[in-house]
Structures are given as structure tokens and as C-alpha cells.
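So the chains spell out like this:
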Amino acid sequence: MIFNLIIYILLAIGVFFNLLAGVGLLRFPDVYTRLHAGTKCTTFGSIFICGSVILIGLRMWYTGSTDGSVLAIHTIFALVAILLTNPTGAHAIARAAHRSGVAPVRAVVDDLQNNTLKKEEEK
Amino acid sequence: MLAFVITTVLCFITYLLLTTGSGTLGLWSLEEILVGAILSLIVGSLARTIFVKDNFRMLNPVRWIIFIAYVIGPFFVAMAKANVDVAYRVITGKINPGIVKISPDLKTDFGITMLANSITLTPGTLSVDVDEDKNDLYVHWINVKKKALEKKPVNYRYVCGKFPNWIRRIAE
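Heads up: the protein sequence lines correspond to chains A and B, in order. Going by the working numbering, the letters in the first sequence line up with residues 745 to 867, in that order. Going by the working numbering, the letters in the second sequence line up with residues 316 to 487, in that order.
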């Protein structure tokens, strides 16, 4: 009973943060700020969703089903893959956006701007 | 030779973890163990020069313990803060963005990769580009503090706190 409650709470936290990422994508003005919402919130939400799946898997394992071990360990691998690839993908998108000339909206400072221009002049 | 052994053993462990519950020999079946061993030998001989570049400093278990402590300690706390921060900005719409340059003074590729990923997942910052000669990072910062802009390049403490010190202990 309490175990189920913990799983539901973890799922709820995860779904809440993933929902927040969606709302952020709609509300923020440009690609960089949208990436802020799209990477941090989805990663954090996925940690909790994966956590609840791992708990379910561990309970299945504890009650004697070997399928539980498959579920738990594969979910841990999926979590590690999300943690590694999500920021890397965001970094690649941000870099590509800046190289193709998308300036950050309402920017106070842009150190990279001059630097990119310099590189193009050298070429 | 050592590179070959490390790559093979890591491959084999990963294969075993991914095939748990397949049989009665412990958790595995004999076929899975044999196929896993053969495949890891092939992968080890092909990928050893890619997987291990030039040094073996990550073999030290102390570095792994620090790494795990870093991930579940300061890193996770910073991530939680980051999400509350993004939630606040999503709801109120208050942003003050900019791209700043920081010099974290890390030397290895592994260290700079880890720092860039940590920066992306922690409060208000997203790494955009890297200067490969000097290992400087360009960071998109959602809420630029006026105080940090007085000196250039910006002191990394404003952007990512003590992460470079942790990563220096892990990767260098």
C-alpha cells in the first residue's frame, strides 16, 4: 500500500515536470530559452518516472519474477542514456542555432557573437 | 594490452547486465555468456584505441567514488534547483538572457564534456559552444547578473558554482 503510494508520488512528480517542459516550450520567446525548458525539465521528470519503474521492477524481482530484474536494470540503462544524451543533444541544437545566425532574444550580452564573426572573416 | 582488457571487461559486464534473467546459471544462460564473451572480445579488439585515449587515470576507484558522490550530491541538488527556477520563469515569464564566456581551466576532453553536460542540466544555464584551443565554454545564461559582467571572461563561480573543482578531482 505505502509502496504503491511512493510509486504514484514519483510518477506524479515526473509527469508534472514533463508537463512543465511542454508549457515552457510554448511560453519562452526563442530557441535557447526553449531549450532550457526542454532539457532540464524533461531530464528531471524522466529521473522520477524511471525511478518509479525501477521500484516496480525491484518489487517484481523481490517477489520471485526474473522479469523484474530485466525491467529494473534496463530502466537504469535507459536513465543513464537519457542523462548523457539529453544535454549533449541540447548543446548540439544550441550550437547549430547560433552558427546559423539565430541571436538570443532580449540578450543583455553576447560574447559569442564577435567570436563567430571573427572566425568567418578569417576563412 | 591493458586498453584491450578494460574495453573487453566493460563490454562483457554491460552485456551481462542487459541479459539478466535469461537462464538458470545464476541469472544467465550458458549461451548468453558465451555469445557475450565472444562479442566483447571482438569489440575490445576493434574499439580499444577509441575507448581508451592516452591514460589510465579513470581506473582509480577513488575517482569513481567521488564521481558517484558528485552525481547524487551537489549535482542532483543543483538539478532540483534548476527545475524550480525554470518553473518560476515559465510561470512569470521573467527572463534576462545572454551568452557569456567562461574559462573553467580544465584540461582534459572528458572533464570539459562533463562540465558542459552539468552546466546544461543546472540552474539557468545552457552550454552553446566550446573553444577547443583554450577549453573555454560559451554559456547561454537565462538570468544574467549585472555584477558578473564587470570582469571578462566572467568568473565561473557565478555560472556553475563549484562544479569545476569537483570535476578537476574526478577527471584530472
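Think of the hints as simulated: they come from the structure by calculation, not from any bench. Honestly, I wouldn't trust all of these hints.
Just the calculated beta-carbon pair ranges, DEER-fashion [stated by the list, open to error]:
| hint | chain 1 | residue 1 | chain 2 | residue 2 | range |
| --- | --- | --- | --- | --- | --- |
| 1 | B | L340 | A | I826 | 24 to 34 Å |
| 2 | B | L317 | A | A840 | 18 to 28 Å |
| 3 | A | S844 | B | I380 | 25 to 35 Å |
| 4 | B | G338 | A | I826 | 40 to 50 Å |
| 5 | A | L749 | B | T364 | 42 to 52 Å |
| 6 | B | A395 | A | F747 | 44 to 54 Å |
| 7 | A | A840 | B | T339 | 20 to 30 Å |
| 8 | A | R843 | B | N411 | 17 to 27 Å |
| 9 | B | R484 | A | Y752 | 11 to 21 Å |
| 10 | A | G808 | B | S418 | 50 to 60 Å |
| 11 | A | G808 | B | R484 | 37 to 47 Å |
| 12 | A | L828 | B | E487 | 30 to 40 Å |
Looking from chain A toward chain B, a few residues come up when the C-beta cut is under 10 Å (computed) [to be verified]:
| hint | residue |
| --- | --- |
| 13 | M745 |
| 14 | F747 |
| 15 | I750 |
Using N, Cα and C, we set each Cβ at its ideal position, and we do this for glycine too.
Results of checking the hints against the structure:
1. B:L340 with A:I826: 24 to 34 Å: The hinted range 24 to 34 Å holds for B:L340 and A:I826, with Cβ atoms some 31 Å apart.
2. B:L317 with A:A840: 18 to 28 Å: violated, 38 Å
3. A:S844 with B:I380: 25 to 35 Å: violated, 43 Å
4. B:G338 with A:I826: 40 to 50 Å: violated, 29 Å
5. A:L749 with B:T364: 42 to 52 Å: holds, 51 Å
6. B:A395 with A:F747: 44 to 54 Å: Violated: the Cβ-Cβ distance is about 23 Å, outside 44 to 54 Å.
7. A:A840 with B:T339: 20 to 30 Å: Violated - the Cβ-Cβ distance for A:A840 and B:T339, about 50 Å, lies outside 20 to 30 Å.
8. A:R843 with B:N411: 17 to 27 Å: holds, 24 Å
9. B:R484 with A:Y752: 11 to 21 Å: Taking Cβ atoms as reference, B:R484 and A:Y752 lie about 39 Å apart, which means the hint is violated.
10. A:G808 with B:S418: 50 to 60 Å: holds, 55 Å
11. A:G808 with B:R484: 37 to 47 Å: Given about 42 Å between the Cβ atoms, the range holds.
12. A:L828 with B:E487: 30 to 40 Å: For A:L828 and B:E487 the Cβ distance comes to about 20 Å; the hint is violated.
13. M745: violated, 27 Å
14. F747: violated, 22 Å
15. I750: Given a least distance of 18 Å, the restraint on A:I750 is violated.
Of the numbered hints stated above, those contradicted by the structure are hints 2, 3, 4, 6, 7, 9, 12, 13, 14 and 15, listed in ascending order.
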